[in-house]
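Enquirer: As a plain string of letters, each chain reads:
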Amino acid sequence: MTDFSGRSILLAEDEPIVAMMVEDMLLDLGARVIGPAASVGKALDLARAGGIDAAVLDVNLNGETCHPIVDVLRAAGVPMVVATGYDQPDLGDRTGIELIQKPYRREHLAAAVERALAASRSAKV
Amino acid sequence: MGPEQGLVEEKGRLAELEARIAALEAENARLRGRPGGASDAETILSSISDGVLVFDRDWRFVYLNAAAERLLGSGRDELLGRVQWEVYPATLGTPVEGHYRQVMETRRPAAFENHYAPWDRWFELRIDPVADGGIIVYFRDVTERKRTEERLQASEALARARLDELEAIYASAPVGLCILDRDLRYLRINERLAETNGIPAEAHLGRTIRELLPGIADEAEAIARPILETGLPAIDIELTGETPARPGEIRTWVESWLPIRDRDGGITGISVVAQEVTEARRVQAELRETAERLTVAMDAGRLGDWSWDAASGATRLSPRALALFGVDAEVGQSWDRLRDFLAPEDRAAAAESFARALAGADDYAAEFRIIRPDGTQVTVASQGRVQRDASGALTGMVGVLRDVTEERAAAAALRASEAKLAGVLESVSDGFYALDSDWRFTVFNAAAERYFGKSREEVLGRRVWDVYPDARGTIFEERYTPVMEGRRSITFETRSVARPDRMVEMRAAPLRGGGIAVAFTDITERKQAEAALRESRERLDLAVDAHGIGIFDWHVQTGRVIWSAEEERLFGLEPGTFGGDIDHWAGFVLPEDLPRMQAHMTAAMEARRERLDFAFRIRRPDGAVRHIEGAARFLYAEDGTPLRMVGTNADVTERALAEEHRRLLVDELNHRVKNTLAIVQGLAQQTFRDPATRCERDAFEGRLAALATAHNVLTRENWHSADLGEIVRDALTAHGAAPHRLLLRGPPVRLEPKTAVTLAMALHELGTNATKYGALSVPGGRVSVAWSVAPDQERGRTRLSLLWTETGGPIVAPPARRGFGSRMIERALAAELDGAVRLDFRPEGVVCGIEARLREAGAPVGTE
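So the protein lines, in turn, are chains A and B.
According to the numbering used here, the residues represented by the first sequence are 1 to 125, in order.
According to the numbering used here, the residues represented by the second sequence are 126 to 989, in order.
Extracted from the complex, chain A is given alone in its bound form (with noise of 0.2 Å):
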């Protein structure tokens, strides 16, 4: 069983429902969440403000994409998973990033942000 105690993780869904899904999915995986953000505004704040360890985005919040937010986790060397329901999210020329098809389930993701985790360890190396 996938551990993820003593992780902070942002999580960015506008869809409530979803957000308290996930929420809870991190939560039984033993992470801090730190969100949910159901804006991008909302989340590049979060994201500015530092001590996370790694994110779940939505592709699409409220009708603005996750570019900014991929963007500045990026440059701060956090791994991210970025959920979707297209089958190839526009993402423009930012590439290596882990993908979810949602629905998914809590194995899914957990495997996701695993992969996430350890493609940055290995960046980092």
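Hints in this document: simulated from the structure, not taken from any laboratory.
All values reported here derive from a predicted model rather than from experimental measurement.
Where hints are given, some of them may not hold.
Said to hold, decoys possible - Footprint (simulated), chain B over chain A, 3 or more residues, beta carbon under 8 Å:
id : segment
1  : 11 to 18
2  : 80 to 86
3  : 91 to 103
Unchecked claim - Okay, derived cross-link-like pairs now, DMTMM-like style, lysine to aspartate or glutamate, Cα gap no bigger than 25 Å in a straight line:
id : chain 1 : residue 1 : chain 2 : residue 2
4  : B       : Lys271    : B       : Glu249
5  : B       : Lys897    : A       : Asp90
6  : B       : Lys897    : A       : Glu107
Unchecked claim - Simulated DEER-style distance windows between Cβ atoms:
id : chain 1 : residue 1 : chain 2 : residue 2 : range
7  : A       : Asn62     : B       : Leu715    : 30 to 36 Å
8  : B       : Arg744    : A       : Met20     : 46 to 52 Å
9  : B       : His709    : A       : Gly41     : 28 to 34 Å
Just so you know, even glycine gets a beta-carbon here, dropped at the ideal spot from N, CA and C.
Fit chain B to the known structure of chain A by using the hints.
Expert: The following block gives chain B in isolation, referenced to the frame of chain A:
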């Protein structure tokens, strides 16, 4: 997304049309390039031995025929395009300029003769206006004729001189001569007669014979009376009497009294010739001879004279006649010697004519070549007239010799050139015939014989309307008549009268001296080719117009590119403004598309591919981005060097944008559907928070996930169809089973979306059961899914057999109650698949057999 089917067919048709046009154009070029075909007009003009010049409005030479080149001593390359007044400034201010300008201005024909001083040559010119505003000049060198005329004038002067001579002879002749009026008054008398009469000549004038010579007056009046009454001369009458000169001496004269007539035939007087019989007979004969000779000479025109005396057989030649023979006077005294200078083969004819003249024909005419002692040769025409005395006895012959060398040479040259022309006419592939002014065939060449299937013996001398009565009243008569009358050339195309299935191009030109020359070419094939070409061009234009298809032709080695106007339009260029090279094209292609497109073309050429389909985007000069699709054909040299890339482009921007728009819509729809599924999932999670309901929540989440997964597969396939293998794999891997525990085997099978979702849900239920109770619930258990397809009896359907087999699991006990899973599998799936589903809870493992009849889903789109 590949090109639409219709567009592909259209491109194929275009390529075919292009190939056909190329073939037709080659054929056309072959027809036009055929020997004789291009120089038809010239064939006619060349057949006229006159020089022909054509000037345009600006006095530039636009045409001259071979004869003109020869006469002017200048070739076409020197004259064409140059201005008459610059080339021949000596003609300025001469009649040439005057007449030329007059015809150019009045558009009325003119004809005149001109002496061209720089060459000292005479030309006869005829000028006609030409329809396009210029003039056509027919001319020929008439210098020889002018010179002949000059000689004739000289010879007239000679005749006058002879007359003067005669006057002198009259005056001083050793024979008495006088002219009397009707009253026998002396009007004129020569010295000899005056002497004979013993009275000064002046004293005679105005006085009668009776007044002056009463001794012979009675006799004289007796002779004169009938002459004045009847007009009949008194020839060789003997007159005797006494004259004051020698009184008492009776002298005898032979006299001829001849009436003198005025213009109206009235007798105004008498001419008397008197000669003493003893002495004067020779003088008299000589005088007659001289008169005869002069007459013949006048008849013949001129030149050397001769006489032959029958009694002695001696000949006498004038100095000029001697010069013709190239001999001296001594040789000239004997015909036997002169005859040796005649060309041997001409002697017999001359002798024969001479004999005929002596035998009664009186007139002698012969033509022979004289080979002079110095070896030079002249051709001479000899004419003579037999001389007889009063009794009719032959006395000799007088005649003239005329040098006809030049005339004969000219005639021979003319015959030779005619023969040469005839040879040319025979050898040309065009048919050629000529008609005289009475419409009779005078020339009919070999090609005409072949074409009409008639020999020249059949047609020559016959009128064209008799040979081809059907041509009467047709375009032929209509067009030929003005040529015959109006003296102008025409060209027309028509159906052959002799061969109604053939088309001919006729060119008719008037001939100098009357009649017309007609050259013709069979243009049936050419017309057919032209019609086919026109038709195919129209079809191509139609196709291009209808579809907005541009055509390009890239010459790979030079980089030169040719674009059709439509291609320029596609690229937003004004017609004719394309730069014409490959770099200009590359400048239009979007930078993100250009390297791919260039690599695409390079790879095709390296692989020697014949055809290539491609797509790229361009930015037009106005900034608009357009999507271009096209197809091309490559042409290679024998060694494989790529030579040309020829093809078509079409603007597919609207379609591409519509496609893009559709994709965005589908993406958005998928996103929303999945978001909704995620919300449902979240609701379920919040609803079943009680740990007692954990089991139900998991089951629900699993089913929701299975639905979402099937949905994902369909999304990737644009909701068109899904692959069975993918559905099976996704359904099983969702349960987290290790790959080595799954055995999936079967051919590719496409499923309709609804079928795919139902099957995915059923497989999820099987997988859930296997994970909870079956083979996947213990280590070592395995699941095998095997399927196969076979054609169904019904068209458009396929039979699918799928078998789910679990092995290595715990002993299976049939469930006490059929839950959602079993019902999903046995009912929903069976209904959806239009088949049978058998779910068998065997102790050694669950087996599920599915027999389905599938509607064939179409091939997925966009998988190329």
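Enquirer: All hints are to be evaluated individually against the structure, with a verdict given for each.
Expert: Evaluated hints:
For the segment 11 to 18 of chain A, the stated coverage by chain B holds: 3 residues have a C-beta nearer than 8 Å to a C-beta of that chain, and at least 3 were required. For the segment 80 to 86 of chain A, the stated coverage by chain B is satisfied: 3 residues place a CB nearer than 8 Å to a CB of that chain, which reaches the threshold of 3. Remark: the segment 91 to 103 of chain A is confirmed as covered by chain B, as 3 of its residues place a Cβ nearer than 8 Å to a Cβ of that chain, reaching the required three. Restraint check for Lys271 (chain B) and Glu249 (chain B): satisfied, since their Cα atoms lie roughly 10 Å apart, inside the 25 Å limit.
Note on Lys897 (chain B) and Asp90 (chain A): the hinted pairing is violated, with a Cα-Cα distance of about 39 Å set against a maximum of 25 Å. Proximity of Lys897 (chain B) to Glu107 (chain A) is assessed by CA-CA distance (about 17 Å); at most 25 Å being required, the pair is judged to hold. For the pair Asn62 (chain A) and Leu715 (chain B), the supplied restraint of 30 to 36 Å holds, since their beta-carbon distance comes to about 33 Å. Separated by about 49 Å at the C-beta atoms, Arg744 (chain B) and Met20 (chain A) satisfy the suggested range of 46 to 52 Å.
The supplied range of 28 to 34 Å is broken by His709 (chain B) and Gly41 (chain A), whose beta-carbon atoms lie about 49 Å from each other.
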